[in-house]
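Colleague: Sequence lines, in order, name chains S and H.
Residue numbering for the first sequence is 1 to 312, as defined by the working numbering.
Residue numbering for the second sequence is 313 to 694, as defined by the working numbering.
No wet-lab data here; the hints were simulated from the structure.
Among the clues, some could well be false.
[Said to hold, decoys possible] Calculated pairs, DSS-like style, for lysine-lysine (alpha carbon to alpha carbon, straight line, at most 25 Å): (1) S/K100 with H/K622; (2) H/K385 with S/K278; (3) S/K2 with S/K100; (4) S/K73 with H/K626; (5) H/K507 with H/K518; (6) S/K289 with H/K385; (7) H/K622 with S/K73; (8) H/K385 with S/K264; (9) S/K73 with H/K656; (10) H/K682 with H/K656; (11) H/K386 with S/K278; (12) H/K386 with S/K289; (13) H/K419 with H/K344; (14) H/K319 with H/K515; (15) H/K386 with S/K264; (16) S/K149 with S/K115; (17) S/K254 with S/K164; (18) S/K278 with H/K419; (19) H/K557 with H/K507; (20) H/K507 with H/K319.
Listed below, chain by chain, are the residues.
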Amino acid sequence: MKILSLSGFVPEQICDTVRFTGYSGGRAISHYCGYAADYISQVLNDDSIDGTVFPKSCDSARIISSYLGSADKFLYQLPVPARRDGAAVSYFAGEIRDYKEAVEAHYGVRLEDIKERAEAVNRRNEKIKELYEGLEDISYSDYLCGIHKMLTLPLAEQSLPEPKAASAGGKRVYLVGSFLAAEGILDTLERSGLNVVGDGLPESGRLVSAAPCKIDGDIYKNISESILSARLSPTQNNFGEILERDIKEIKEKKAVGVIFLTQKYCEPYDYLYSVYEKRLAAEGIRSLKISLSNSEDYKSSELAVEAFSDMI
Amino acid sequence: MAQSVIKLQSSLMREYYKYFSKYARGKSPEKKVAWVTAFTPVEILEALGILYYYPESYAAVIAASEREQPLLKKSEQCFLCRDCCSYSCCIEGCLELEDGPRGTPPKPDILIATNNQCNTLPNWWNILAERYNVPLIVIDYPGEAVPCERAYEYVTAQHRELISRLEELSGNRLDESVLGHFIENSEQSVAWWKKVAAALPEKEIKPTALFDDISYLITARCSPDTAELYRAIYDEVSALPEADKGLIPLFWLGYPLWYHADRYLSECLDGFRICGSNYITWWSLDYSGNDVYEMLFSAYNYTFLNLSQKTRTKRLTRLIKDSGAVCAVTLHNKSCKCDFVSAKDIGIPQAELEIDMIDREFLSLEKAKKQIELLKETVCSR
Chain S
1 MKILSLSGFV PEQICDTVRF TGYSGGRAIS HYCGYAADYI SQVLNDDSID
51 GTVFPKSCDS ARIISSYLGS ADKFLYQLPV PARRDGAAVS YFAGEIRDYK
101 EAVEAHYGVR LEDIKERAEA VNRRNEKIKE LYEGLEDISY SDYLCGIHKM
151 LTLPLAEQSL PEPKAASAGG KRVYLVGSFL AAEGILDTLE RSGLNVVGDG
201 LPESGRLVSA APCKIDGDIY KNISESILSA RLSPTQNNFG EILERDIKEI
251 KEKKAVGVIF LTQKYCEPYD YLYSVYEKRL AAEGIRSLKI SLSNSEDYKS
301 SELAVEAFSD MI
Chain H
313 MAQSVIKLQS SLMREYYKYF SKYARGKSPE KKVAWVTAFT PVEILEALGI
363 LYYYPESYAA VIAASEREQP LLKKSEQCFL CRDCCSYSCC IEGCLELEDG
413 PRGTPPKPDI LIATNNQCNT LPNWWNILAE RYNVPLIVID YPGEAVPCER
463 AYEYVTAQHR ELISRLEELS GNRLDESVLG HFIENSEQSV AWWKKVAAAL
513 PEKEIKPTAL FDDISYLITA RCSPDTAELY RAIYDEVSAL PEADKGLIPL
563 FWLGYPLWYH ADRYLSECLD GFRICGSNYI TWWSLDYSGN DVYEMLFSAY
613 NYTFLNLSQK TRTKRLTRLI KDSGAVCAVT LHNKSCKCDF VSAKDIGIPQ
663 AELEIDMIDR EFLSLEKAKK QIELLKETVC SR
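Chain S on its own, in the form it takes in the complex:
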């Protein structure tokens, strides 16, 4: 069983999945998110992948199953609620249970270690959180690449290597965006003298913000509560809360600049940026928007990052 998962909304407590981090040689779909297109390519071309799970969230993710319909693999779209109230928690809990049953039915397995897995996810997230809280002192590139590598492994094999120390005197910046597949940009940031002191990425700042999953009681409801307790993605449609939460952290961490990373044709982040930029400007904080065309694209932004570093 090797299921490729696309999003932090996929409950790792249910079973092992390989988190999609990027793919070479992806197929282009015009005016469509390069990250999602690369995901589709890997599912179609990588014979070692026998299943997929992805959310119903942004518009690109909504239509993934239309592209993958012909793939003879396990396909599962997880409806993620756009709200976080009690009704949404119960609804999402039902969806998580359905997902578990679908995996069991397709692969002919019994998934009976959900509580143990929930505890393991809690422990792992706690470790990431410890690192996140001391982000200014460690190499952000080491930290994030370590997380990426870890998320592709089965839960039992996941461990986070100790990142090396950050270079001294870096300019403090905050990173906003979706999953940062184009890891090459992290080296660019560090080479340009920037020190990432916080982020809102799904695999980092958002992951560690989730409340630990409770173990006692209805485990599906607990998983649902935990996932929905995390800092919001723009696909959850509450920009006001995202802005308040991020600006507070940016100020607390004394970041002097914000780098806003988007995938080309990623509308949730494009819409968010239009209000984020104005709010940052009102706070006197400079920002740089970088739009990446696919999961490997980073070289085109090198000059912009260097210029931004000089400016702040």
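With chain S's structure known, arrange chain H on it following the hints.
Modeller: Positioned in the frame of chain S, the structure of chain H alone reads:
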């Protein structure tokens, strides 16, 4: 005595636009105002006496008035990426410049967005919420992927919450029988519209009229005048000559091109007749159910773009078969990713065009002409 089509159209438009800045002359509406997306359960708003406006529809009007380009440019200057849905870019420019063919809509007291069409609209509504600093309600419709009972429970909890918040806003109490009455009006509008749309394969109807006339089903489906209008239009189309069956029957798959005088690429379609369109069926909502909550759930959870690819393909195949089309112009709309792959496996040759429904500069007309020529050759050589 039955009213004429023009009189009914004028009356509905006058009613809808009377508080737009060009006509209101500084006068504000006495009722509370909501801005809503195109598949919002407006029957609830109607029953609570709340006025509602559709920015998407107004973007179409702006493009039809050839006013979209400066507005698109303005929104880009305001950091809204041009890759985003051009309905939103157009309206952001309009609001920023306070400029549009009918001015601007009255300012909202509340914003309501639904995701039964796409997730772009709730994103857009978020930036409107920042602009106006008013409450935003997002209604989450799971669609077909979720078991019906669970989806009903989840959606109905949200409909009840919507009612409660709108009661608070308007100061009115919802009378369910009044809500039922407005749902009946919507059903009537849908029923008559379906009859009009069903005449397209048989009668010499210019699709332009249908693309424009469906706007009343979007902006005024709860009004009894809308059903009356469609009944009158049906009478008119029934009297039209039969369609020229010597022309190649073609299905227009996707949005109307709002910026185009005919709303479709008439200059590329010599020798063809448009005998079907899926866009004109999108608001043919199915209000089946035993009470108002079931009816609203049925209508708004199962909108076309909220269905699985399998069901969409099945519906489209049926529509195409009923229309008699032997080929299709399929629009790959830069602004509507949810409609990118609606036309999968439909069983007839297609010319797939890269378009945007608002931004006239997006289309390569020469390329489109060549693609349609090729389609014609394919059909004629069969």
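Colleague: Each hint should be assessed against the structure and marked as holding or not.
Modeller: For each hint, the structure was consulted:
Straight-line distance between C-alpha atoms of S/K100 and H/K622 comes to about 23 Å, which keeps the hinted pair within the 25 Å bound. Straight-line distance between C-alpha atoms of H/K385 and S/K278 comes to about 18 Å, which keeps the hinted pair within the 25 Å bound. For the hint linking S/K2 to S/K100, the alpha-carbon distance of about 15 Å falls within 25 Å, and the restraint holds. Of the supplied pair hints, the one linking S/K73 and H/K626 holds, its CA atoms being roughly 22 Å apart against a limit of 25 Å.
For a cut-off of 25 Å, the pair hint linking H/K507 to H/K518 stands: about 16 Å separates their Cα positions. For the hint linking S/K289 to H/K385, the alpha-carbon distance of about 18 Å falls within 25 Å, and the restraint holds. Between H/K622 and S/K73 the CA atoms are separated by roughly 16 Å; this keeps the pair inside 25 Å, and the hint holds. The suggested pairing of H/K385 with S/K264 holds, with an alpha-carbon distance near 19 Å, which does not exceed 25 Å.
Between S/K73 and H/K656 the alpha-carbon distance is near 19 Å, which keeps this suggested pair within the 25 Å criterion. A hinted pair counts as satisfied when its Cα atoms are at most 25 Å apart, and H/K682 with H/K656 qualifies at roughly 22 Å. For the proposed pair H/K386 and S/K278, the alpha carbon gap of about 15 Å is at most 25 Å, so the pair holds. Pair hint H/K386 plus S/K289 holds up; C-alpha atoms about 18 Å apart against a cutoff of 25 Å.
Between H/K419 and H/K344 the alpha-carbon distance is near 10 Å, which keeps this suggested pair within the 25 Å criterion. For the hint pairing H/K319 with H/K515, the CA-to-CA distance comes to about 23 Å; that is within 25 Å, so the pair holds. With a C-alpha separation of about 20 Å, the suggested pairing of H/K386 with S/K264 holds against the 25 Å cut-off. Taken as a hint, the S/K149 and S/K115 pair is honoured in the structure, with Cα atoms around 24 Å apart against an allowance of 25 Å.
Distance check on the hinted pair: S/K254 and S/K164 sit about 22 Å apart at the alpha-carbon level, within 25 Å; holds. Using a Cα cut-off of 25 Å, the hinted pair S/K278 and H/K419 holds, with the two alpha carbons roughly 21 Å apart. For the hint pairing H/K557 with H/K507, the CA-to-CA distance comes to about 20 Å; that is within 25 Å, so the pair holds. Between H/K507 and H/K319 the alpha-carbon distance is near 20 Å, which keeps this suggested pair within the 25 Å criterion.
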